[in-house]
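A.B. asks: This is what each chain is made of:
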Amino acid sequence: MWKAPLFIIALFVSEGVNAQRKFTDVTQQAGIDHAFEIFQGIFGGGAAVLDFDNDGFEDVFITGGEGMDALYRNNGDGTFTDITEDAGFEDLEGVITQGAIGADVNKDGLVDLFITTIAKVANGRFEATSNFLYINTGNGKFVNRTRSYGLDQITFSTGAAFGDINNDGYPDLYVSNFFNRFGGRLDEKMGVISEGDRAPAHDLLYLNSGGGRFIEVSETYGFSHTGFGFGGVFTDYDNDGDMDLIVINDFGYQATPNLLYRNEFPKQEFTDVSKAMGFDLAINAMGVGIGDFNMDGWLDYFISNIASSPLLVSQGKRDQPFQNKTRELGTSHPNLHTLDGREVSTISWGANFFDYDNDMDLDLFVANGCLNPTIFPNPNLILENFNGQFILNGPSLGLSDASIGRGSVTFDFDNDGNLDLLVVNQTKIGNSEMPFTNFGVKLYRNEGFGNNWLKVKLRGRKSDRNGIGSRVEAYAQGKKLIREIDGGSSHISQNSTIAHFGLAQLDRVDSLYVRWIGGDVQRFYDVDVNQLLEIDQESLITNLEKEAPISSFKLYPNPTSKHLNLSIAGLTSPGGIEVEVINTLGQVILSQSVDGESIAKDSVLTVNLPENLPRGLYVVQFPSHPSIKPLKFKKE
Amino acid sequence: MSWGRPYKGIILLLVLFCVLRNDLLGQQTVARDWNEALLLAIRNDFARPTVHARNLFHLSAAMYDIWAVYSKKGNPYFLGHAHGEYTIPFKGIPSYEDAKIASEVAISFASYRLIRFRFRNSPGWETTYAHIDSLMEVKGFDRTYLDEDYENGNPAAFGNFLASQIIAFGLQDGSNEGGAFQNLEYVPRNPPMLLSEPGVAELYDPNLWQPLTFETFIDQSGNQIPAGTPPFLGAEWGKLLAFSLKETDVSKHEVKGRECWVYHDPGPPAMLHPDDHEDNEAYIWNFEFVVNWSAHLDHEDGVMWDISPGAMGNVEEEEFPENLEDYKRFFDKLNGGDIGKGYSLNPFTGEPYQPQVVPRGDYTRVLAEFWADGPDSETPPGHWFSIFNYVSDHPLFERKFEGKGEVLDRMEWEVKGYFTLGGAMHDAAITAWSIKGYYDYVRPITAARYMGKMGQSSSDTLPNFHPHGMKLEKGFIELVGTEDPLAGEQAEHVGKIKVRSWRGHDFIRTTEDIGGVDWILAENWWPYQRPTFVTPPFAGYISGHSTFSRAAARVMTMLTGDDYFPGGLAEFHAKENEFLVFEKGPSTDVVLEWARYVDASDQCSLSRIWGGIHPPIDDIPGRIIGEKVGKTAFEHAKAYFEDVILAAPSSREKIKVEIFPNPISAGESLRIKLPPSTSGYQIGLHSTNGNLIKVLEFPTATGNELIVESLGLKPGVYLVIAKSHHQQLVEKLLVR
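Heads up: the sequence lines are chains A and B, in that order. If you read the first sequence in the numbering used here, its first letter stands for residue 1, the second for the next number, and so on. If you read the second sequence in the numbering used here, its first letter stands for residue 1, the second for the next number, and so on.
Do not rely on the hints blindly, as some may be mistaken.
[As the list claims (entries may be wrong)] Using 30 angstroms as the maximum straight-line C-alpha spacing, the simulated DSBU-like pairs for lysine-lysine come out as follows: (1) A:K22 x B:K139; (2) B:K72 x B:K400; (3) A:K325 x B:K239.
To be clear, the hints were calculated from the coordinates, so they are not data collected in a lab.
Please construct the entire structure, taking both the sequences and the accompanying hints into account.
C.D. replies: Laid out in structure tokens, this is it:
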């Protein structure tokens with residue numbers, strides 16, 4: 001019986017809870033004062049998240065365009081200090097930088113930086129110039145080693161990405177270029193760009209040779225395309241344990257559309273599967289957000305664009321094309337309303353999948369910005385994942401800034417378990433009617449949504465030092481959450497290399513897998529939440545692993561040629577079960593989810609094996625149920 | 001009366017003041033508070049009639065449901081009922097000592113959560129959030145209370161639960177709310193019109209809708225690149241889950257591989273063809289009509305009209321035109337107005353209505369502004385909620401359902417009224433937009449400029465002849481001659497079409513200016529609308545204003561059981577030189593007056609013609625269809641109000657009386673089946689207002705099935721009610 005309700009007595013007491021559930025612009029109080037200074041028009045602005053001094057607080061390098069770039073050291077108290085001047089970046093003066101990425105290229109335990117440049121200005125003219133590799137020598141110092149590492153080609157570059165394509169443990173490098181030649185001005189003819197004096201460019205693929213030198217191997221690996229490139233992104237789209245490559249091309253309808261290259265490792269070869277996989281989008285592609293937003297175990301890709309941005313959804317099979325479901329799933333917002341009520345075309349650049357509210361599913365941030373010098377307010381978008389469909393979340397969340405956005409990155413700068421955001425914004429040039437005066441980089445602190453989380457930091461030994469390209473998989477409450485460590489994505493930027501999982505109200509993760517590029521797999525059971533877990537590739541057996549197998553299924557027939565039957569009588573798992581077939585190298589051949597209803601109904605699961613599966617020994621394992629013993633079988 | 005106009009700050013203050021005052025006096029209900037909060041949110045949002053009809057319906061249904069389950073009256077709409085593929089689970093609520101307070105708490109939390117969610121992307125979210133936050137504070141509620149587990153006994157949790165369920169329901173109801181209500185398949189077939197340029201772009205088809213481009217940027221080669229082109233709002237709205245619309249009302253069509261659902265399909269509008277002379281004439285007449293009426297927007301032309309109910313209004317549905325000749329008789333193309341001659345007496349006072357003579361140019365401008373659905377407006381569905389509130393507050397009004405029986409308390413009257421009106425507005429939106437999305441019909445700004453560009457169709461012996469051109473009409477539509485002030489410096493406009501019309505925004509620098517009426521080139525023709533709005537971003541046919549308003553007028557008439565406004569008159573005062581928004585005026589005080597609800601609706605329809613956004617061919621079908629929609633929605637809502645003792649909250653099987661065939665033709669036998677192992681039911685056939693028409697005897701010998709030979713009923717909706725001592729089962733029966 002309801003009498004004197006407590007909530008009426010509790011008047012105003014908990015005011016402020018609502019106010020906390022948002023992002024706060026903390027740029028100023030964090031001591032960040034930086035803007036990307038645009039040269040003539042359009043191009044640039046990215047950031048790379050890195051912990052250059054290994055103090056456990058992630059730092060950030062932000063390009064400056066015509067202005068100076070900035071390395072901000074995270075002081076660990078919510079503030080940053082610009083240490084560019086003493087860090088050794090003098091050679092960046094006078095060049096027009098674009099994007100930045102970080103990786104430990106020489107495996108000395110310190111993250112190095114690669115910075116792309118569109119041009120330098122010489123005698124008032126716009127000239128191609130080389131990019132920059134800065135080797136981190138410790139104590140806050142970086143040394144320009146571009147030439148000795150073989151990276152001093154003269155190019156008009158935009159974005160780049162690190163990824164280990166030959167599984168040798170050293171991060172290789174893809175550099176994307178925009179023009180081969182360029183003789184005009186960047187503020188001219190923005191809508192029509194392919195003329196004789198501004199031909200689309202070849203991109204460059206470099207192999208990292210033992211950490212001491214990069215060797216250009218574009219042709220060896222089968223790259224001959226030219227395009228108005230905005231970056232390459234290494235990712236394992238087909239779950240076969242190697243780094244494939246997405247190439248982002250602007251003006252795809254005038255030159256080359258986007259490309260998807262499948263890595264044929266161990267062969268030294270990439271195959272162009274753009275068309276077959278539905279990646280050949282002839283659009284104004286600007287960047288990529290990567291994430292398995294629908295938790296089916298396969299990565300999906302949001303390609304930022306002008307007007308409607310495609311959301312390429314994996315069909316869960318490696319030979320079926322991705323489907324663009326952006327309209328159905330609510331990530332397409334071709335027009336935006338400005339706060340004064342005007343409707344303008346959306347121009348999207350940075351894109352980041354991240355679980356901002358720690359509710360287990362991946363949400364999406366999109367950094368928007370008008371063309372520059374033509375200025376229309378173009379507010380950013382924050383799209384919340386609502387049962388696999390996205391809904392636009394409004395300005396009350398604090399992210400609908402209408403600055404001239406470009407690259408955007410996520411990281412947890414204050415180590416509170418909530419992913420924060422940094423957006424690189426351009427200064428305006430020319431006449432404009434922007435309704436504000438602040439055009440700089442913005443840092444948004446995530447004030448938290450009251451949920452649990454887990455962060456995982458990888459320490460590679462055989463593999464890339466920071467685990468770039470490796471997968472971290474968390475199984476909790478029958479769900480499989482996967483994260484791929486970023487070597488460069490969004491728009492000419494790079495997110496944190498620490499994997500982050502939101503866990504809603506769960507107090508433990510059933511199991512955690514690390515699938516290293518190169519094939520090592522580590523498993524951890526019953527992992528506590530609200531912690532940063534550091535996983536060293538060397539300690540393959542760690543004290544986190546607990547005694548596990550308590551039950552097993554029967555598997556028949558064995559040997560088999562076509563299918564497997566698994567007797568699962570007695571299993572109750574409303575959240576379903578994941579079944580994986582792996583080969584002796586640890587590569588996943590097949591992955592299948594069975595929902596809880598089928599488990600309750602059937603006592604036998606049937607797994608059909610791929611027809612072309614080579615004969616040999618295989619293992620069936622159950623990543624969602626680590627306590628169930630993996631089973632071996634022989635394919636005839 | 002003071003509804004509808006966007007003096008936002010003042011309204012906000014007034015609302016706050018009212019909340020404070022009425023809370024102290026206990027006059028204004030929470031239902032009213034939250035309805036007004038929603039209207040405020042709508043005024044601060046984008047002008048999206050479809051979206052807001054749905055918002056009004058969902059919030060009204062939430063309030064009604066909460067009231068129904070706490071007061072144990074009627075049958076809830078959402079709770080425990082399937083709509084489409086979604087059912088909001090309902091386990092029943094505990095009893096409360098003070099069910100009234102409990103329902104007020106639940107309504108407040110449900111409304112607060114729903115408004116907060118639905119307006120999170122609104123340009124006016126800060127104002128809206130500030131208002132609803134303070135409303136919660138004033139009521140002493142903790143708005144940070146988020147629990148949804150209502151079995152804890154807290155009605156606030158029940159409100160939160162219902163809001164979150166309706167939010168989830170709304171994300172799968174076909175509106176694509178998740179995707180910001182964008183179309184999934186529709187693509188406009190004409191290239192956009194650049195509003196910065198005169199004339200019209202090369203059209204793919206002059207019968208089809210054309211997007212408008214407001215913002216462009218110019219690259220260095222001088223190309224105009226569209227940067228802001230509002231897409232068609234709600235082209236696929238016909239596929240939404242409706243309130244009372246039935247599958248039998250739908251016809252399905254295919255356009256370019258896109259399946260369109262069209263409710264109450266009125267058939268195609270007038271179109272231009274290469275050879276169909278008759279249809280061409282109807283098209284040209286309709287869009288010229290809008291241009292001609294635009295010439296009435298001059299308060300200094302000396303034309304004076306009596307705008308009281310004594311002189312205008314009072315049009316019966318039977319008088320609505322059907323073909324072009326009828327249209328020509330029904331409307332006065334050159335002088336304005338329709339066949340309505342008004343009422344000789346006010347039936348309430350028994351006296352004639354006082355004449356009110358004002359300049360036609362003031363009346364028409366006030367009318368166009370009053371019913372505007374652009375920025376800062378409640379949109380037509382919202383207008384009719386304000387009208388409902390106005391009527392409810394009227395001192396001469398008695399809160400009797402259908403004007404009969406006992407006086408209802410405020411809360412019951414309002415939740416039932418909002419629910420009915422909300423359902424009707426939602427259905428009106430679905431119906432009108434299902435037709436808009438399929439026929440994709442052109443708007444006057446495109447058609448007028450297109451015809452002007454083609455030339456004249458009066459005579460092939462005159463210059464600039466084209467069968468798609470305008471018909472010349474001396475004093476209204478003429479050719480530009482060499483001596484004409486519009487000829488241009490190089491005589492570049494000679495031979496073009498000029499029209500006598502409102503001159504447009506080029507003549508308004510500040511809101512102290514007046515556009516005025518004069519000759520302009522047809523290629524420069526503008527509707528009488530804000531420059532940032534120009535024309536609503538969706539096809540014209542059929543008029544949403546006409547459909548909404550006629551449906552709402554029908555609902556108001558049926559709800560109150562009276563054709564007339566309380567006291568036989570409703571008024572709206574537009575102050576001299578204050579009321580108009582983008583230009584100066586009116587030159588004198590103007591009072592909009594209506595005797596019957598349909599008079600307000602008809603004036604609303606005409607206002608869109610003077611406003612330059614609908615020709616008569618958009619208007620009349622909207623009125624006819626609105627009538628049907630309003631009637632059906634009212635009957636449908638009323639069936640929910642029948643008192644049904646809800647099955648106790650347990651896992652008991654759903655007991656249902658089955659009737660078939662349904663619908664039934666008059667004279668056919670009806671079979672009624674009760675579930676097995678039930679007995680002691682008395683079965684009756686009732687009218688929808690609950691009156692018993694016939695007791696149906698249940699022969700025990702044939703078990704649970706009863707066959708009733710010819711019922712001899714007139715076509716309509718009836719209720720079959722099976723009563724036992726502890727239960728009442730109701731089924732609707734449609735007789736054709």
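A.B. asks: Now, for every hint given, state plainly whether the structure supports it.
C.D. replies: Results of checking the hints against the structure:
Simply put, K22 of chain A and K139 of chain B have alpha-carbon atoms about 26 angstroms apart, close enough for the 30 angstroms limit, and the pair holds. A distance of roughly 19 angstroms separates the Cα atoms of K72 of chain B and K400 of chain B; the hinted pair therefore holds under the 30 angstroms criterion. Pair hint K325 of chain A plus K239 of chain B holds up; C-alpha atoms about 19 angstroms apart against a cutoff of 30 angstroms.
Consistency with the previously given hints is maintained throughout, with no hint failing.
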